[in-house]
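Enquirer: Spelled out from the first residue to the last, the chains are:
There are 4 protein chains.
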Amino acid sequence: MTERRTYSYLGPAGTFTEAALDQVPEARGQDWRPVHNVGEALADVLEGRSHAAMIAIENSVEGGVTTTLDALATLPGLRIVGEYLVKVDFMLVAAPGTALDDVRVVAAHPVAYAQCHRWLGETLPSHQHVPAASNVASALGILDGTLPADAAVAAPGIVRHHDLTVLADDIGDNDNAVTRFVLVTRTIAPAPPTGADKTSLIVELPQDHPGALLELLEQFSTRGINLSLLQSRPIGDALGRYRFVLDADGHIHDERMADALLGIRRFSPGVVFLGSYPRADRKIVNYPDRYADDVFVEARDWLRSLVSGAPTQ
Amino acid sequence: MTERRTYSYLGPAGTFTEAALDQVPEARGQDWRPVHNVGEALADVLEGRSHAAMIAIENSVEGGVTTTLDALATLPGLRIVGEYLVKVDFMLVAAPGTALDDVRVVAAHPVAYAQCHRWLGETLPSHQHVPAASNVASALGILDGTLPADAAVAAPGIVRHHDLTVLADDIGDNDNAVTRFVLVTRTIAPAPPTGADKTSLIVELPQDHPGALLELLEQFSTRGINLSLLQSRPIGDALGRYRFVLDADGHIHDERMADALLGIRRFSPGVVFLGSYPRADRKIVNYPDRYADDVFVEARDWLRSLVSGAPTQ
Amino acid sequence: MTERRTYSYLGPAGTFTEAALDQVPEARGQDWRPVHNVGEALADVLEGRSHAAMIAIENSVEGGVTTTLDALATLPGLRIVGEYLVKVDFMLVAAPGTALDDVRVVAAHPVAYAQCHRWLGETLPSHQHVPAASNVASALGILDGTLPADAAVAAPGIVRHHDLTVLADDIGDNDNAVTRFVLVTRTIAPAPPTGADKTSLIVELPQDHPGALLELLEQFSTRGINLSLLQSRPIGDALGRYRFVLDADGHIHDERMADALLGIRRFSPGVVFLGSYPRADRKIVNYPDRYADDVFVEARDWLRSLVSGAPTQ
Amino acid sequence: MTERRTYSYLGPAGTFTEAALDQVPEARGQDWRPVHNVGEALADVLEGRSHAAMIAIENSVEGGVTTTLDALATLPGLRIVGEYLVKVDFMLVAAPGTALDDVRVVAAHPVAYAQCHRWLGETLPSHQHVPAASNVASALGILDGTLPADAAVAAPGIVRHHDLTVLADDIGDNDNAVTRFVLVTRTIAPAPPTGADKTSLIVELPQDHPGALLELLEQFSTRGINLSLLQSRPIGDALGRYRFVLDADGHIHDERMADALLGIRRFSPGVVFLGSYPRADRKIVNYPDRYADDVFVEARDWLRSLVSGAPTQ
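Protein chains in written order, with full-length UniProt numbering: chain A, 1 to 313; chain B, 1 to 313; chain C, 1 to 313; chain D, 1 to 313.
Errors might be hidden in some of the hints.
[What the hints assert, rightly or not] As a list, the in silico SDA-like pairs of lysine to any residue whose alpha-carbon atoms are at most 25 Å apart:
no. : chain 1 : residue 1 : chain 2 : residue 2
1   : D       : Lys283    : C       : Ser232
2   : C       : Lys283    : B       : Val307
3   : A       : Lys283    : B       : Glu204
4   : C       : Lys87     : D       : Ala73
5   : A       : Lys87     : B       : Arg241
6   : B       : Lys283    : A       : Leu214
7   : A       : Lys87     : B       : Ala71
8   : D       : Lys283    : C       : Ile235
[As the list claims (entries may be wrong)] Far from chain B by the CB rule (all over 10 Å, computed), these chain C residues:
no. : residue
9   : Arg28
10  : His36
11  : Gly39
12  : Thr66
13  : Lys87
14  : Thr98
15  : Asp102
16  : His117
17  : His129
18  : Val159
19  : Ala177
20  : Glu204
21  : Ser228
22  : Leu230
23  : Val285
By construction, these hints were calculated from the structure, which means they are not laboratory data.
Think of the CB as a built atom: it goes at the ideal place given N, C-alpha and C, for glycine as much as any other residue.
So here's chain A without its partners, still in its complex pose:
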């Protein structure tokens, strides 16, 4: 009998974060623990209340991405083990029997409301807005009568759990909105590479001069490693000091990535390795042949022969 595991996520049930957690096969049938924000979720992991936490890391409508980045930069002992993408998609839902024409008052989390503003303005030009505490609370509130509204803006996951009619779907103003989530555990050894991996780092620049960032990026480019995320964040202890959040294509077990990590560690006054883990899109990482593992191995053999003075080079 295996031990049950707890997963923390931004609740309540029905959020986009829950939709991300729903993509994790090994989380199915385990305990899911809703929390109020990223800080709580990471504290659950660090203090042993949870095995892992699902948190938004890029482009979230549920807020707090810079909070996430700053927390990951400053809390030691964490590691990202997986990445998940959730399309940011809104529905207008109502109690069964309600028709779109009946809707006068719409319950919505204010951020979700802002993101559906165009559709609501065109479709229901004279509606009223009642705020809700979350995308889930808006739907529950119209079901249990605590919110004085005829319909609710909600995330798609809600209809799996509750008896709701979908009046319209895909009502968000931005068709391409996607939020990126990561699953975070306490520090463990990285899982083996899949060929479609990324490595996340937070790197403090040695000092505020024009060349420092360039020197950081050269550590990747001179090993044929592509970056898919690069974001500056003020360190906060002094004006003009920055750390950079980076996603790099590849895995710490790849020779070129290990070599880049060595270079970065030597360069930076503070580098946090957040983890090597499979990409959400499962896209195989391509790189020039000259950065293949065997090129690194061969070079080390060559260096050894130089040092030993073996007759042939």
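Given the structure of chain A, go ahead and fit chains B, C and D onto it with the hints provided.
Expert: Same frame as chain A, but now just chains B, C and D:
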């Protein structure tokens, strides 16, 4: 008699965005137009309804920063003319006569509520949360009775306009939170340099290879220009293509910045010049002497003499 | 009636340097002035005794290439106007009637003798060597009897001027030896580009640190300019200070080269522009489209429109 | 009883090359083998006739430096074990009893003659020149009567071996001329570092594009390694392909140099490690603290802990 000007901002009155607009001397006594989101604010400017719009561009609690960046990247005809910082500071306010001990129910915008979660949990452990549509609506709702709450989480600006008692201030969980705003107009000539300027750009990389970003950054570093913001954003038309949002120290009238802009224009398939404008912190930009204007002028004179064949070099 | 012009070259008549000068159409029928070394040749030009001087600049068997480079670095007022390649090819010549089997004693300039050592050892294993003052003097000495030898090692040009029998040709040990010569005048405007041009520079590095050379080379690589010669030379005034002699593909009239020269001038404490002139091999310079002249012109137009605030970018 | 060792050098005895060999303590009392050129000297080493060869590698008046570089690039199995500097200094010598006023005819190797041209022209304006096969042969020729001259231009070493009067010393036109020599053996393990070492390499660039050289140099600059020699040489098998001869400060046993060598090996289609050996000037190599050995060791420990998943970073 001068014409009155209209300024669009994320409303309603009392938001952090309004606090940013309040820092603009030339906006005082003019018409302020509250809008629902960044898209509306920029449309007001482009379509002539407003002279300028104040929008959040970095680390906003009012959401939508990536929306801002993507809008600036894709809407031609805009220019940033000023930068403003607003401390993200929350208060617990109530109707006059209310004491902290009386508070059982707290009205709050859900994002603000999340940001004050620790303080509220420690100070009012048994409180209930009633969601509000905005940081302003929470305060107004307890005054006019439309929200069934004893106190509201609000932005500091609210007490200037309404008769409210401050039960506690500085209740946000993150002491250092600051949002950066920019004031945007239709394309105009940049104001003269002040010595404490920054230049904002959005640059598309020529192709997805490791060296392209490096080449972009070299355009700055080889002219002694420091970057204070660098953020990748997926272009969205295809996987793996990125544009970069950059803030660079200096002004387009500086020789070194003009030269860097030339280099970037030649390099990039798409570059948007967002503007050169005074830094919010009024900090004078320092740079090595070798990148001073007269060094550029002298080099041009030298080149001219080489081409002419003048006897002395 | 045009004025006659004087050309200085390393003499006496019949040297490889003369063979280089022989490739200059406009020097035909003019006065040719043999000198003893590069210093004399350049002094002739600077002091007005000669219109131009032909000097070896790379891989010379007649010695003194580093002398040439150091002279060009320190003597102001000179400009390279043409480049010429001469194959370093030796013959064994003798007075008419002499056969190879008759040869017991060989006259040769010591450097030429060293370069033909293998051939002479194999073909004439028991020969004796009599030194000559130059490749020409060796041949003349056997004709006029001042050198006690049966044959002479000489440059091919000699047989045009003197009645000599060629006993063997192409007797040098290195088949690929070529010397590169340049024609130098007082500073004049560069001739128009031919499409197959090179630009020669001598650049002092700002200080002895690992990044300075890199910064110099970036001035070329970021403009798509290839280098065909790069050679460090100690400056001589202090240990560890270097200047670099560079040949870059392209012409000062090319936008990308002019822009690179500006960058180098701003960077270097001392840069000598030696000239833009047609390559000896007449090979058309290729470069990526993104560094074409019109890209530079378009970028300048764009910058101007940004500064003016014109409505469209 | 130790075996006697043979050292090859450019002869005859009395050359500058012999003066270089004279600086090698372990060569004293061993067999010195004069040869005619660099090719012979290196063949002696490779074929076992000699233990080591002294050859000029930079700025030689005895010719052939590019020959040296090309030979080292193409002959496998050699290694540089020491570096020696010899001041290029000429004397005017004569048989005892001769005074400067008696001199009418001067014997000199033609290259030496050219280098003393100014002094001879000023001091002995009406002298005649008789060529000699070498700097030594000129002196010997006036002693044994085979050269019809009153005095000889010779290298200073000659007076140690022969009964000659020095009529004038330091008569070369260039006061600062120095030739750099290296001592070459078959491939052996490098001697331990002294702190004042250099490492010599010949590196073929992967292809003829503007960035390749830059990428090579970054391998050094990103490890804090300074270069003291950089020279391009055409490869010779095709137009426009180059290899680079480099001297880098430091020793292959230094972590930063070993790491740079790995990077270069991975980058280059052909790299020849010529050796790590003490600098002739015994100047201690300085480098930034961040490139010290322990920084490399610490980074490897860190990488290992990341891979193992150890709880603390």
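Enquirer: Take the hints in turn and mark each one as holding or not.
Expert: Hint check results:
no.: 1; hint: Lys283(D) <-> Ser232(C); verdict: holds, 19 Å
no.: 2; hint: Lys283(C) <-> Val307(B); verdict: holds, 23 Å
no.: 3; hint: Lys283(A) <-> Glu204(B); verdict: holds, 22 Å
no.: 4; hint: Lys87(C) <-> Ala73(D); verdict: holds, 22 Å
no.: 5; hint: Lys87(A) <-> Arg241(B); verdict: holds, 19 Å
no.: 6; hint: Lys283(B) <-> Leu214(A); verdict: holds, 24 Å
no.: 7; hint: Lys87(A) <-> Ala71(B); verdict: holds, 19 Å
no.: 8; hint: Lys283(D) <-> Ile235(C); verdict: holds, 18 Å
no.: 9; hint: Arg28; verdict: holds, 25 Å
no.: 10; hint: His36; verdict: holds, 27 Å
no.: 11; hint: Gly39; verdict: holds, 20 Å
no.: 12; hint: Thr66; verdict: holds, 22 Å
no.: 13; hint: Lys87; verdict: holds, 33 Å
no.: 14; hint: Thr98; verdict: holds, 52 Å
no.: 15; hint: Asp102; verdict: holds, 56 Å
no.: 16; hint: His117; verdict: holds, 44 Å
no.: 17; hint: His129; verdict: holds, 47 Å
no.: 18; hint: Val159; verdict: holds, 40 Å
no.: 19; hint: Ala177; verdict: holds, 34 Å
no.: 20; hint: Glu204; verdict: holds, 13 Å
no.: 21; hint: Ser228; verdict: holds, 20 Å
no.: 22; hint: Leu230; verdict: holds, 19 Å
no.: 23; hint: Val285; verdict: holds, 18 Å
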